[in-house]
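Work out the full structure, taking the sequences as your base and the hints as a guide.
The sequence shown maps to residues 1 to 479 in the UniProt record's numbering.
Check the hints yourself; a few may be wrong.
EDC-like mimics (lysine to aspartate or glutamate), calculated; alpha carbons at most 16 Å apart, straight line [as the list claims (entries may be wrong)]:
#1 Lys-14 <-> Glu-43
#2 Lys-250 <-> Glu-235
#3 Lys-191 <-> Asp-218
#4 Lys-250 <-> Glu-208
#5 Lys-250 <-> Glu-283
#6 Lys-191 <-> Glu-205
#7 Lys-450 <-> Glu-353
#8 Lys-191 <-> Glu-208
#9 Lys-423 <-> Glu-461
Now the in silico label distances, taken between C-beta atoms and shown as ranges [stated by the list, open to error]:
#10 Ala-97 <-> Asp-142: 24 to 32 Å
#11 Arg-324 <-> Gln-223: 40 to 48 Å
#12 Gly-333 <-> Met-249: 27 to 35 Å
#13 Ala-63 <-> Ala-174: 49 to 57 Å
FYI, nobody ran anything at the bench for these hints, they're computed from the structure.
Keep in mind that this is a model prediction, so the values were computed, not measured.
Every residue, glycine too, gets a C-beta built ideally from N, C-alpha and C.
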Amino acid sequence: MALKHLKVKSLAGKIFTSVLAFTLGIIVALAAVMITIYYVSYEHDAEAELAASAQDAARYLNATPSADNEPILEAQFSGLTRYTLIAPDGTVLYDSAADTTGMDNHADRPEVQQAAASGEAVTMRYSETLGTDTVYAAVKLDDGSIVRLSETRHSLLSFLGNMLVPVLVALVVAVVLVFVLSRVLTSRIMKPIDALDFANPLDNEIYEEMDPLLTRIDEQQRQLKQQNAELAQAENLRRDFSSNVSHEMKTPLQVISGYAELMKNDMVQPADRQKFAALIYDEAQAMRSLITDVLTLSRLDEAAFGDEATPVDLVATAHRVAGRLESFAAGQGVSVQVEGACALIRGSETLAEEMLYNLIENGIRYNHPGGEVVVSLGMEPVGVVAAGEGAAAWVGARRPEAGEVVVRVSDTGSGIPADLRDKVFERFFRVDKSRSKETGGTGLGLAIVKHAVIYHGGTIEVEESPTGGTVFVLRLPAA
1 MALKHLKVKS
11 LAGKIFTSVL
21 AFTLGIIVAL
31 AAVMITIYYV
41 SYEHDAEAEL
51 AASAQDAARY
61 LNATPSADNE
71 PILEAQFSGL
81 TRYTLIAPDG
91 TVLYDSAADT
101 TGMDNHADRP
111 EVQQAAASGE
121 AVTMRYSETL
131 GTDTVYAAVK
141 LDDGSIVRLS
151 ETRHSLLSFL
161 GNMLVPVLVA
171 LVVAVVLVFV
181 LSRVLTSRIM
191 KPIDALDFAN
201 PLDNEIYEEM
211 DPLLTRIDEQ
221 QRQLKQQNAE
231 LAQAENLRRD
241 FSSNVSHEMK
251 TPLQVISGYA
261 ELMKNDMVQP
271 ADRQKFAALI
281 YDEAQAMRSL
291 ITDVLTLSRL
301 DEAAFGDEAT
311 PVDLVATAHR
321 VAGRLESFAA
331 GQGVSVQVEG
341 ACALIRGSET
351 LAEEMLYNLI
361 ENGIRYNHPG
371 GEVVVSLGME
381 PVGVVAAGEG
391 AAAWVGARRP
401 EAGEVVVRVS
411 DTGSGIPADL
421 RDKVFERFFR
431 VDKSRSKETG
441 GTGLGLAIVK
451 HAVIYHGGTI
461 EVEESPTGGT
471 VFVLRLPAA
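Next comes the structure, spelled out in structure tokens:
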């Protein structure tokens with residue numbers, strides 16, 4: 001944890017140190033460049049001035065007899081500038097800074113050779129006599145001798161050394177000023193960032209470079225709010241579902257418990273025992289159906305069906321379901337017909353059978369004696385619109401596409417009011433609660449159908465049949 005904390009960097013500190021280091025670097029570099037330029041310019045001007053002084057001295061000496069050159073130099077020219085008079089053969093006749101008796105012949109000196117050849121010369125070299133860097137300006141006189149002026153010069157490093165103290169003082173002052181400036185600048189840069197309102201990211205007035213970050217934060221907040229809303233809705237649904245399941249199971253349990261208690265206490269006439277046993281059996285079957293439907297919904301919510309992504313022949317499945325419900329339909333006085341030749345989808349055969357079973361069973365259960373249930377299956381291209389589609393209640397995420405399997409389950413019952421068609425797929429919703437209780441429905445059949453349709457990537461709609469009954473239209477992607 002400590003190592004992780006060390007990796008965290010302060011934006012304000014980063015800005016401050018960057019501005020401080022960059023500014024100081026610029027100041028130091030600029031100071032070095034300016035000092036160097038000043039040094040070069042100063043040396044150039046000094047050399048030009050020394051050359052002009054040499055020309056003046058030569059004109060003065062040329063205007064006097066050669067025999068008087070040495071006395072004139074000694075009398076007229078003095079100060080910091082060194083004057084040297086050199087004979088044509090290189091012998092030093094006069095030097096204002098050294099004793100000529102011990103001096104070497106100067107005929108090999110560069111400035112002497114150049115002046116003898118071209119009349120004048122300006123050079124800088126190390127002086128063996130003085131032991132320093134020296135600038136020489138030499139001019140050839142009319143009698144062939146050379147008058148040479150020289151001045152000691154500091155090297156660039158030496159010059160910088162002499163400037164070290166004032167430069168350091170200037171740098172200290174600059175550091176203080178830059179430190180204060182960096183603090184102020186960092187504070188101004190960070191002020192709008194510190195004032196960010198992350199609850200409403202897009203309402204902030206901030207640098208445009210931060211717009212992508214704030215947009216991303218806003219998107220994530222919207223996603224989190226949506227997820228929280230979905231979780232809250234799911235929790236409410238779970239709570240309501242649990243409450244409804246408990247309520248639905250309470251009645252059959254009370255009936256079973258009551259009749260069983262009567263039979264246990266021998267309070268039932270022998271002739272009524274079979275009737276009571278039948279009632280207990282029916283209530284147990286109702287509980288069994290309810291539990292089966294609850295488990296099916298739970299598996300659908302968790303996508304726990306293992307036989308998915310297999311070809312399913314809905315025509316064969318519909319015939320199989322009609323056979324299973326044949327005795328129930330006969331008991332209700334309702335006929336079941338299956339029409340269709342080809343309806344192949346890809347998905348779960350278990351879910352497909354459960355889906356058709358619930359739809360056909362509902363058609364039988366909420367019908368009247370002499371009524372019928374018709375299951376029509378087939379393929380329809382895009383653009384086919386069924387009658388009453390404008391008033392249909394759509395469930396699912398898809399609209400009809402080309403090459404879809406369309407299943408229509410119609411009955412001749414009393415139908416579903418238009419204002420309730422979007423609610424029939426809710427769990428435990430019943431159009432007529434008293435009638436649904438009498439017919440033994442669990443209130444979960446259409447909820448299972450809706451989930452099964454969505455599981456297969458399809459849609460389901462509710463229409464009114466020409467006889468006033470109900471038509472459930474399923475559209476599923478063809479295999």
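Between Lys-14 and Glu-43, does the CA-CA distance stay at or below 16 Å? 43 Å, violated
Quickly compare the C-alpha distance for Lys-191 and Glu-208 to 16 Å and report which way the hint goes. Since the Cα atoms of Lys-191 and Glu-208 sit roughly 15 Å apart, the hinted pair holds (cutoff 16 Å).
If you check the beta carbons of Arg-324 and Gln-223, does the distance land in 40 to 48 Å? 45 Å, holds
Within 16 Å, alpha carbon to alpha carbon, are Lys-191 and Asp-218? Cα-Cα ~21 Å, so violated.
Between Ala-63 and Ala-174, does the C-beta distance stay in 49 to 57 Å? With a Cβ separation near 55 Å, Ala-63 and Ala-174 satisfy 49 to 57 Å, so the hint holds.
For a C-alpha distance cap of 16 Å, please report whether Lys-423 and Glu-461 respect it. 12 Å, holds
Within 27 to 35 Å: is that where the Cβ-Cβ distance between Gly-333 and Met-249 falls? 30 Å, holds
In this structure, is the beta-carbon distance linking Ala-97 and Asp-142 contained in 24 to 32 Å? 25 Å, holds
Would the pair Lys-450 and Glu-353 pass a check requiring their Cα atoms to be no farther apart than 16 Å? With a Cα-Cα distance of about 13 Å, the restraint between Lys-450 and Glu-353 holds, given a limit of 16 Å.
Would you mind confirming whether the straight-line C-alpha gap from Lys-191 to Glu-205 stays at or under 16 Å? With a Cα-Cα distance of about 11 Å, the restraint between Lys-191 and Glu-205 holds, given a limit of 16 Å.
Are Lys-250 and Glu-235 close enough, with their CA atoms no more than 16 Å apart? It is violated: about 22 Å lies between the C-alpha atoms, which goes past 16 Å.
Hinted pair, alpha-carbon criterion (16 Å max): Lys-250, Glu-208. Please report holds or violated. 63 Å, violated
When the structure is compared with the earlier hints, violations turn up for hints 1, 2, 3, 4 and for no others.
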